[in-house]
Structures are given as C-alpha cells and as structure tokens.
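**Student:** Next come the chains, spelled out residue by residue.
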Amino acid sequence: GNSVTQMEGPVTLSEEAFLTINCTYTATGYPSLFWYVQYPGEGLQLLLKATKADDKGSNKGFEATYRKETTSFHLEKGSVQVSDSAVYFCALSEVASGGGADGLTFGKGTHLIIQP
Amino acid sequence: DTEVTQTPKHLVMGMTNKKSLKCEQHMGHRAMYWYKQKAKKPPELMFVYSYEKLSINESVPSRFSPECPNSSLLNLHLHALQPEDSALYLCASSQEAGGSREQFFGPGTRLTVL
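Those protein sequence lines, which keep their order, are chains S and C.
The first sequence maps to residues 985 to 1100 in the numbering used here.
The second sequence maps to residues 587 to 700 in the numbering used here.
Don't read these hints as lab results, they were simulated from the structure.
It is possible that part of the hints are untrue.
So the derived label-pair ranges between C-beta atoms look like this [to be verified]:
| id | chain 1 | residue 1 | chain 2 | residue 2 | range |
| --- | --- | --- | --- | --- | --- |
| 1 | C | Lys604 | S | Tyr1023 | 29 to 35 angstroms |
| 2 | C | Leu700 | S | Ala1037 | 47 to 53 angstroms |
| 3 | S | Glu1047 | C | Gln668 | 39 to 45 angstroms |
In silico DSS-like pairs for lysine-lysine, Cα to Cα no more than 25 angstroms straight-line [stated by the list, open to error]:
| id | chain 1 | residue 1 | chain 2 | residue 2 |
| --- | --- | --- | --- | --- |
| 4 | S | Lys1061 | C | Lys627 |
| 5 | C | Lys626 | S | Lys1061 |
| 6 | C | Lys627 | S | Lys1092 |
Glycine is no exception: its CB is placed at the ideal position from the N, C-alpha and C atoms.
Hey, can you work out the whole structure from these sequences and the hints?
**Tutor:** Written out as structure tokens, the structure reads:
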C-alpha cells in the first residue's frame, strides 16, 4: 500500500533561518504529491503540489521538488517567519483501483515552531 | 469560489443524541470526502463520495452515516456516539477525474461527545 514518512518534530527554528522538512513516500503507481499546512484550530490548506517527476511546486516562498529516483518531496523555505509556525503534512494521492477518487495518504505531520 | 464550508463549527453532544454535520462546496467538484482528525494526528479517511455515490467506506462504524443529497452537499449523521469519537471532522472536495486531484478542505467541525 501507499505510505508517507516525514520528520515529526517539533522543529524549532529562529526567524529568518532556512527550513527543510523531509518527506519520502512509497506508492504503487505515479502519485501526485502535496504539502498541506494546518494552523491551530483550523482545517488544512493546500500549500503546494507536484503531479509528475521533476515538477517543482512553490507558494509563499516554500518549494518542493518531486524526486522519483529518491521517492522524496522535501519542503524548503529560505527564510522562515514567526507566522509560518504551524503543522505541515506531506501527502500523496493516486487514482483508486476502480478509477475513481481516493483519499489522501498523509504523513504524521511536522510541528514547526519559529521563534522571534 | 474556492471555499468548502462546514457547519456547525463546534458541537457538543451526549451519547444518546442524534446530530448532523453539514458540508457545502460550489466549485463544481464531483468527489467529496469525510476525514476524522484526532489531536496531534493526521486526518484519517472515513468516506468518499464520487458523483453523489458512496465509493469508499473505510470500515467506519454504523453510528456514522454519510449522505450526499446533491453534488454540492455532504452530510454526516451521528447517532449513539462514544466519547472516543470526539475529534475534528473535516470535509474536503476535489475534481473527480483527471488533474492533480488536490483536495480542498473545510475548516472542520470540532465534536465533543460527553
């Protein structure tokens, strides 16, 4: 079956530090890959996505590249802010066996804390 | 409109109550989902509706009963819940076929079962 592995944290950084959150996956086919962010007390927001090998997703200064050879989708940001403090989930999606929609497979989530 | 709305935002119910959670989207998406999220855990898939038909039920107890009245609405009917069912219930939607299949989530309903 499919699975996603990511560092769980908490990860604590100072403002303006460089961020990397590692994510690796196992999938039977050719999944789409996502990073979602969840702020306290809220639902999940799509941060970025990539649908095929070597695609780079980017949004709000965050980037991640779909690496098929290493089955990875690491999240990076060059200079974090206090407002980036949240829980980050790596996720994948594949077409269900019957060809229809299927749920997302999530990693366990990484709690990111940015200190001023 | 790229929003998924959920009501109520908070719900407290006893173990003998019957209540319903509601979810709505107006993005023309044909797939809708219910997830359950416990504190400090990732969301767990409960149900998937595709073109208003239940396509996936992840072995959810019968005290949770989903309903999809039309392509924009998704309900979750609750009956005889247990305290361990207390969680954040998230609704999501996506295009049914093709594309990158990203799911758009609502803000969730925080459920407390007493």
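**Student:** Each of the hints needs a verdict: does it hold here or not?
**Tutor:** For each hint, the structure was consulted:
no., hint, result
1, C:Lys604 <-> S:Tyr1023: 29 to 35 angstroms, "32 angstroms, holds"
2, C:Leu700 <-> S:Ala1037: 47 to 53 angstroms, "50 angstroms, holds"
3, S:Glu1047 <-> C:Gln668: 39 to 45 angstroms, "43 angstroms, holds"
4, S:Lys1061 <-> C:Lys627, "24 angstroms, holds"
5, C:Lys626 <-> S:Lys1061, "23 angstroms, holds"
6, C:Lys627 <-> S:Lys1092, "6 angstroms, holds"
Violation of the numbered hints given earlier is absent; every hint is satisfied by the structure.
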